[in-house]
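First to last, the sequence lines map onto chains A and B. Take the numbering used here: the final residue in the first sequence is number 82, and no numbers are missing along the way. Take the numbering used here: the final residue in the second sequence is number 1459, and no numbers are missing along the way.
Calculated from the structure, these hints are not laboratory results. Just so it is clear, CB atoms sit at the ideal spot from N, CA and C, and this is done for glycine as well. Some hints could be false.
Said to hold, decoys possible - Far from chain A by the CB rule (all over 12 angstroms, computed), these chain B residues:
#1 L1207
#2 E1284
#3 E1345
Claimed, not checked - Stretch by stretch, here's where chain B covers chain A in the computed footprint (C-beta under 8 angstroms, at least three residues):
#4 22-35
#5 53-66
Unchecked claim - DSS-like cross-link-like pairs, simulated, lysine-lysine; straight-line CA separation at most 30 angstroms:
#6 B:K1367 - A:K20
#7 B:K1050 - A:K20
#8 A:K21 - B:K1244
#9 A:K20 - B:K1244
#10 B:K1389 - B:K1428
#11 A:K21 - B:K1407
#12 A:K21 - B:K1367
#13 B:K1389 - A:K20
Here's the letter readout for the chains.
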Amino acid sequence: MSIRLTVLSVMEEVAAEQEKKLAALKDDTLLVNSGLDSLCFAIIVARLEDALGVDPFTASEEVYFPVTFADFVALYENAAAV
Amino acid sequence: MQPRFDLRSYARDAAREDGTGLCAPGRQVLWREAIEGTVLSGRRALLAGKSVLIGLSSQFDAALAMLELDGLVARMVITPPDFLGERMASAIEQAQVDVVICDDENKDFGVTVPRFVISPITRETEAAPPPIETQWVLPTSGTTGAPKLVAHRLDGLLGAVRPRAAAEPAPVWATFYDIRRYGGLQIFLRAATSGATLALTESDEPLSDHLARMAEAGVTHLSGTPSHWRRLLMNPGAPRIAPKYIRLSGEIADRAILDNLASFYPDARVVHAYASTEAGVGFEVTDGRAGFPASYLGGVGDVEMRVIDGSLRLRSRRTADRYVGRDDLRLADEDGFVDTDDLVEREGDRFYFKGRRAGTINIGGLKVHPEEVEQVINLHDGVRMSLVKPRRNPITGDLVIAQVMLKENEVSPERKRSLKDEILGLCKERLERHKIPISIEFVSSLAMSPGGKLLRGKA
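Next up, chain B with everything else stripped away, as it sits in the complex (with noise of 0.2 angstroms):
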């Protein structure tokens, strides 16, 4: 049998170089220490084999953490920072997460949970166990509100990592994603795999000191949204950069952000490339063009590509497999194509994506699905239903808006008025800040299908 191979292992082998690693505002360590040290501090044999979730407020410690549990515990549920409360409870139950790493105690999980509290990082003097195939699980946006928790295996998230060649210098990586979801874990095994310093922020740092850092490590390869790059050409430090990579990923690259980034970095080559939670790194486009030529569908490396019904369908082994928990989701069709939702359409020898299909709302690289919003709303009393849905936006892509429908007819502005701050009163209290409309018009009625459900129209 062949030995398995853990990420610690990749990095292991590809640490080959002196002085790369990860840092952080403040923080910073080498590969070669992260790969020999721990943050458990001699607790590993207690979490051998059990479901764990990264509760972790830092990306630093989380990218610690993610190192030393790859190939120890048999699920890790990998979450961000914002990831809280009903939530993160229902993500704790669906995975039956044994034990939580976090770097607070009294921090509130939802629900009661056994935590361990992450060390700073010492030698390791706890020999390992053999590793086991980890269950790599990342939460996506759920219909209910309830989170739908994507199982990957490493090898999948691997799937589109190429080996560096041995005479190709390490590129100094940074990503504007928190490298808790999918676009910035892709980042960080990509530097962890290839021993490139990569350089990360938090969630309290300035853009302005990313960006200082950033030009101090000599940012090579830098990724992020089409949204975080609008921010960044927004902001008067960005010539303090030199990036020769830029990626973007999460979003529609539409023309303005491509020709800008080409304009603005010259020297840069500027690829956007089309991923997701679920159906992992699709494929990339390297012409600095919007949209993808139309010769992809015949396949794409060993990603696969359809296009049904104006949806795009991917199918490789670098998809999810499937969701945690929910035994009634399918996420791959019959023929192992996962629907990405994703409406394409042709245009001559192009294709452009032209939105989410009626469903999700992608706000800057972040999902949203209307439902979730709804069931908020429809829990005022006034309310008889409502329908949330996208209004495009040129700096993140979409925003929500809602229309809502009143049990009582007449309606007074003022009475109105007071509806409408009740209503986004309760959006404030439940949702995170994206999710809340940024507009609720109230109409008189909403069109319903024959069959009862709300007519959501094309996105």
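With the rest of the complex left out, here is chain A (with noise of 0.2 angstroms):
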């Protein structure tokens, strides 16, 4: 599965776990406007790490906060190409 599938398929499973309705994920979808909250991020980022092996705003000294749906999938892409 490629990595931003593995991201879009935790963002669904906990939006569920979490009774949240997630908004159809486009590029240019703003995060804040996904209708998740920080409390599923941050279990949506622990579970990536389980999936991916990586938690890319700990492993890089550079961090950004991501604000797009793209930009939370190029985190993870980036980390996984180091």
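From these two lone chains plus the hints, build me the complex, please.
Structure follows, in structure tokens:
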């Protein structure tokens, strides 16, 4: 499964568990409009660390905080490419 | 005898300029109106000297209630809006609450208790009796699920608030905290006693709307936990505001968040502060780096610090007085130092925070005791015992995870899946969202100490 699909499926899984309605995610979808809150993102980052073996927020010295869905996916794609 | 000062007197002295006050979604009030107004509509005399709990859904209303009740009631228990059910009932009982101030006649407070529904603010006509000292009580999580009630005095809560110089322009404050938690209460008190405008949010307001209102109010000073600030940086509305002063507290401020804030808001002074409900405001770190200088152990202002067994201990007049209703619990040691349970480690000329002493978990500034979650998990018939612990997380600091030892040895994968769902279902029924474990791992054993206690290891 591609990193993008993994990210998407984890987001769907967490949204369902947390009883949140996940917006249709496109590259330019703002995370703030995704229907998920901070706790959801925290759980997603933990699950993705288990699935992909990387936490891009702590793996690198240069961290930025993603604003769009594409930013979020890119964080993982870039971390995997290192 | 010196006249006693209540919050209204401080606010009255500070409210110099016109136009400063409190605002919230769709509502605003000038400090002057708030000080001279009442939300109790003629029931002040009935409340004088009583033990009162503020159980309001709106922080704006809570601010007005705090302003009016300080100096009037003997005890004021301040609860955030998610504080409900059994915990609310326990707080009402422990604090021997006479009256709950609420905005909904039918709200469930877990026990039968007289309630006063708050009124819209009107100009007061009732004379206020001479002010008495009000005990300010804030609940924190306890190990048993019952909250611990932490008692403060107003002068202790105001201990870290420095008066504004006459020539200094009034800041415009906002906070991501709820003002009914210690970190937010500090900001409310700062604004009230310095005549600064405070832009409050309400729990149902989206961050984007809050940002728009902050931009409109021209917010100069903004406070929140590192988790709040991370959430802000992930919001496209973040460039709309231009704070001059950024304050982080309630969680470990790591290098990533400090550096990101400094580069995103280059004109802002980024300060992280150490404070807790029990220990009060400890100290501020203004050099933009994580951790704090080792020289702080020599004392910072009137706060004395010690590190014993790796944990930070503080002594000052800002610490809480005691736990209400629990004479068996001691808040400070014999020398008056409060053990914060926050572990620090020295690296060169600096101390860095290393997380909580095995015991409490900090999720975005909200404290969770593993025991309160374990008790819920252990309610399940199939569970022998459980161990709840933190998992580090870059968004919220920590998350809650659980290891569960079942009574049966041989359990099929299908049965495990349904057990997991049942356990999580129990947690959802009885715990706030952030306390629900994000993962449950079934284990065949859990390590015990020779004394028969779960070995929690260091967090």
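Against the structure, the hints:
1. Interface exclusion of L1207 of chain B from chain A breaks down, the closest Cβ pair being 7 angstroms apart, not more than 12 angstroms.
2. Every CB of chain A is more than 12 angstroms from the CB of E1284 of chain B (nearest about 24 angstroms), matching its label as outside the interface.
3. Distance check on E1345 of chain B: its Cβ is at least 18 angstroms (rounded) from any Cβ of chain A, clearing the 12 angstroms threshold; non-interface status holds.
4. Under the rule that three or more residues need a Cβ within less than 8 angstroms of chain B, the assignment of the stretch 22-35 of chain A holds, with 3 such residues.
5. Counting residues of the stretch 53-66 of chain A whose CB falls under 8 angstroms from any CB of chain B gives 7; the rule of at least 3 is met.
6. Proposed proximity of K1367 of chain B and K20 of chain A is supported: the alpha carbons are some 24 angstroms apart, at most 30 angstroms.
7. For the hint linking K1050 of chain B to K20 of chain A, the alpha-carbon distance of about 42 angstroms lies beyond 30 angstroms, and the restraint is violated.
8. Proximity of K21 of chain A to K1244 of chain B is assessed by CA-CA distance (about 36 angstroms); at most 30 angstroms being required, the pair is judged violated.
9. In summary, the hint linking K20 of chain A to K1244 of chain B is not supported, as the alpha carbons are separated by about 35 angstroms, beyond the 30 angstroms threshold.
10. Restraint check for K1389 of chain B and K1428 of chain B: the C-alpha separation of about 18 angstroms stays at or below 30 angstroms, so the hint holds.
11. At most 30 angstroms may separate the alpha-carbon atoms for a hinted pair to count; K21 of chain A and K1407 of chain B exceed this at roughly 37 angstroms.
12. As the CA atoms of K21 of chain A and K1367 of chain B are separated by approximately 27 angstroms, the hinted pair is consistent with the 30 angstroms bound.
13. A hinted pair counts as satisfied when its Cα atoms are at most 30 angstroms apart, and K1389 of chain B with K20 of chain A qualifies at roughly 25 angstroms.
Hints 1, 7, 8, 9 and 11, counting from the list given before, are not met by this structure.
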